[in-house]
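Undergrad: Each chain, letter by letter, is given below.
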Amino acid sequence: MNPTFGSILISVLAGAVQSGTILLLPTLGEVLTERSGVLNLGLEGLMLIGAFFGFLGAMKTGNPYVGLLLGMAAAAVAATIHAFICVTLRGNQTVTGLALTIFGTGLTSFYGDNWVSQRLTTVIQPMAIPGLSRIPFVGPILFSQDLIVYAGYILVALFWFLLFKTKVGVNLRAVGENAKAADAMGVNVVGTRYFWTIVGGALAGAGGAYITCCIHPYWLNGITSGMGWIAVALVVFAMWNPFNALVGAFLFGSIEALQLQLQAAGTYINSALLSMLPYLATFVVIIVATLIVRVRHVGTPKELGIPYAREEK
Amino acid sequence: MLRFEKRDKTPIQLRVLVPICSVLLGLLMGSVVMLFAHVNPLRVYGAIVKGAFGSAYTFSETLVIAVPLILMSVGLCLVYRMKFFNIGAKGQYIIGAICGSYLALFGPATMSRPLLLTLMMVLGTLGGALWAIIPALLKVYWNVNEVIVTLLLNYIASYILWFFMYGTWGTRGFPLSKNFALNAQLPRILPPPSRLHIGLFFGLAAAVIIWIIIRKTRFGYETRVLGENERAARYAGINVFKTVIIAAVISGGLAGLAGIAHTSAVLRVLQLEINSDYGYTAIIAAWLAGLDPLVAVGISVLLAALEAGGYQIQIVMRVPFGIVGVIESSILFCLLAGEIVTHYRVILTRRLSTPPGSTPRIGKKCSVALDERARGGA
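Same order as they appear, the protein sequences are chains P and H.
Residue numbers for the first sequence follow this note's numbering, so the first one is 1 and each next one is one higher.
Residue numbers for the second sequence follow this note's numbering, so the first one is 1001 and each next one is one higher.
Read the hints as simulated data drawn from the structure, not as lab findings.
Backbone N, C-alpha and C define an ideal beta-carbon position, used for all residues, glycine too.
Check the hints yourself; a few may be wrong.
Now the in silico label distances, taken between C-beta atoms and shown as ranges [to be verified]:
#, chain 1, residue 1, chain 2, residue 2, range
1, H, K1178, P, L280, 42 to 48 Å
2, H, R1345, P, V247, 46 to 52 Å
3, H, R1172, P, T80, 47 to 53 Å
4, H, K1178, P, L162, 32 to 38 Å
5, P, R294, H, I1315, 48 to 54 Å
6, P, L260, H, A1037, 45 to 51 Å
Bound-form chain H, shown alone (with noise of 0.2 Å):
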């Protein structure tokens, strides 16, 4: 029989341990997946690793792709901590995109490109935040179901920019605007083919912050109390109106950012695909990084690999992109079961296996009420 006895501190070696695992256990589910297709996992993990990192370019698009789930990642790390379950970057991420365009599309052009620059990415960001917003005020005040309301709030924002594709922003009724002006793009950091944008330099930075929000500041400190009491929360005078507003504004707005950046500086236009999914691949790094800012950055450039990776296999082998989400969800599977061995101590034992007279090892709170009732009896 399994018996599990809460961990005060979880060792440092399970922390690394439990997500390498995952990873592994997660690629061993997808080759089985892949095996009843009869597909062979060895030659698609093979080609993955080969179209994510193979050359310079093929890495270069990786980190592509990596910048708005770092973007994303980083955000949904200072949420998650105080149990807030945004899963609406991908519709704050289109809100974002939507937002800067507009100044791209139909703001003066003759602003200097800094300028220009400068308020779309404020605009992105504002609007990713203005989109975050909304689940935060709801939830806060009258307690409505942040999950819901986000993803429904991804299926609003898709058709909003639908209704702008196809209205008045498409060319001749084709979902595609016209090109952003050079002034409107921003600025790629490495000589062409590659679109590798100073965006990366965005994320960065932002791990950074969101590392000494977490760490350093009284703030931190209040989301993480938060997110493990909130009763306690309320009695330490936390104030958990600004606190969850506050947190929701800074994750929608990094990931407006994210959507303003990559439709300006990757796809220089805005149109219906502009690869908002990465919302839902952000959510499994911030948590495959055990929701440390830093190490999303890292995870982040993993499951882009694996995204780019699977763009490769889709095109050179005919293999659905969708053992992609197959591989991801499994790891997340693994990570999630995994906590049972960071969070509890799993002990085997037989049943009736206690020695007669001897104290049964029931965990820490018992023992000290079996103390307590002892001295009591003495």
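The shape of chain P in the complex, shown without the other chains (with noise of 0.2 Å):
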């Protein structure tokens, strides 16, 4: 291997863990609102949300940071709606998850009018891990990077801990796969499918909000592109596992990144196939995914999408 090839695979590789963040904070969170039978498909209205309401606070305060909570605390108030709709008042989930898409995409065009290609001055900035980051090829490429990467590596070993070593995790689960039973053992389900939709809408705003944040500092209508959508299809890949869930949004990452680098080398290739390309990798997986799920019967919450009334049978 030559040394430029191995400098430009880093940077590809790089930019493929930024990216793949981006995908794993959502999928994550959706995650566990599906292991607690919620089915949300209005990611992509929540990630523009957070996208928004992230760059608007950073640009008010001046700090990314603070625009990273806000997106995520404003992504969270509208999976409220979605919790209140589908689990209180046992709404059709679907139907509620492609309203919130709508909502979030009007919402954020309907405000971020004004700010249109406006710049954030002040980003995210990278943060070395010391030690970690002089490994060679694995250290550049994991180690190097900002907080909200790390967040991710840590989120998915303590969802992952939580979901299957813990006491919660068990009654999540439970709350997902049999609600009536859950109920019967004490569980609230209530409570636990609420907690768990805004969870993962914090964390789909969290998504949207690096974005702005981070990667592309300027707002534009529509800035996530379909990622919401992506990510409810890699829940599927991930069979409802965090671990499975990392290992998938950095496949995307990967696409995303060679998608963008082989743009910009000017290649022959088409650039709207290339622009397919993440559409058209997501549509196999997902029927892949689902066959892989259909054979070993693993993931699926047996609830997803039902919701739970006491008092019927």
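Put the two chains together into one complex, using the hints given.
TA: Here you go:
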């Protein structure tokens, strides 16, 4: 491997980790939301809300971290609408999620109109981890990133531990698998579903805000360009497991980075076809993942999308 | 404390009242969003009404938007009844427009107008149907989530259009095809400047036909049973595979027809912006209509008015078009929330308020069980 090729590869893969983190955060959140039995198809809208309010917060305060928190909070509030309609009022989760996406798209393009193409002056900066970042090849790719990327790593481990090794996780899964039994065992079904839907919303918001507060520090209508939907598909790919979510998100981050790199390099491949690549890949992946889930019977929470009504059989 | 009792039947007044209240509440929520941006909602709504119904011309423009909405929402009424959530009307619309336009741009120029137009409409319909058959096959064979698949296909369709427009179909590097020849233009029905075209009759005919299919045919009954309980449908001998595929083909075909009709009659040129976000508005129209195709016609006109007015306020008042999405989704939120009242009887109770000795009202099933126990004891 000659040195220039090596350095290009490192920069592409480091970009892949960043793009992957945009997808990882919403995917992780949705894994937990769906584990609790709530299907939230509004990730795209929530990411847009996070992206816009993150941008706005960073613009007004000059601090991108404050922006990120504001983006998360705004998306969490929007996710509460979803929880209220789907959990308390037992509305149709598919259509509510879709409404949430239309809402997020409309709201951010309405408020964002004055901000289009304005740039942030300060963005989230990388912070190399001492020691780890010195590891050849792996160091510059994984450990010379920013705090949000590291938070992604930590959340993967944390959520995996929480989901499979703690009582909270057992209760959470019980609510998604068999709400009636969980209720009989004294688990607060409604509270659990609300909580994880809102957490999922906040993480989707974080994914969106990470775009505007770090990677593309300006506002454009529909800046997430379908990544929320890719995240929804990645949850199936991940078989509702946080570790697989990491693999899937970084894999798609690589496709995204490769696509951008090829476009920048001005290859002869048509740019429309290149831009189509992530969606085409997701299309293939969702089919393959569904087949695998069918054969191995893993993952899918049994009562996903089914509202719980205590008084009904 | 609130308690919900399942209703056996929804009273007709609720079926009317809930959508009306949803629209009013949705407009109110839209107002709140506008107030935060220091925009006067009354002026905006006034301008929307004026922009949609202000004159014969503006109303005909509203109907121009209503045509694709009617065609798409009517088809969605059919598929949503069996809980096949095709949200890919946008992609089906685009593919329909591409397929039909192919004939308009590259077909034999000497062909007679009726024949060429018929072939274009057929090809557009087939294109939309083809784009809808993919998620339907994936659903019935492998149970792949149709929401995700149709959505991804929307993006893929957009990029296919992009591919052609920046490729061989564009002119001099602009993403704009050459103008359709007169032979390839679907006739308009009113004197200019109105762009209203005979697609309106396609839409009305489709609404009536779908209504008849749903209400009067065995197939329509099967889609309904399938939506309520798939297992029961299988036991009853309904061919789930066939039903899903046919319904998906109908809804996709109508979306494709909408795409080519709008392109051929209104735009008369294929371009990147073929207003395909109508695909999402159509979903709202279908849901707001309670999945009744005849009601969907009226709702489509109302939503078209909102869209037409939305374009006007953007131009005249510089209020961003995004507000239309906010209002539409707010209406949909309220409607979904309102389903709790149509599906359940909501009862306000105080905790532990059941007087001793009386049977607590805990729904039909439970009281039947109690009766049986009483009989067993006697």
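Undergrad: Take the hints in turn and mark each one as holding or not.
TA: Outcome of the hint check:
1. Take H:K1178 and P:L280: their Cβ atoms lie about 29 Å apart, and the range 42 to 48 Å is violated.
2. Taking 46 to 52 Å as the suggested C-beta distance range, the pair H:R1345 and P:V247 conforms, at roughly 48 Å.
3. Between H:R1172 and P:T80 the CB atoms are about 51 Å apart, so this pair conforms to the stated range of 47 to 53 Å.
4. Restraint check, H:K1178 to P:L162: a C-beta distance of roughly 60 Å breaks the suggested window 32 to 38 Å.
5. At roughly 51 Å, the beta carbons of P:R294 and H:I1315 sit within the given window of 48 to 54 Å.
6. In this structure the hint that P:L260 and H:A1037 lie 45 to 51 Å apart at CB is violated, the actual value being about 34 Å.
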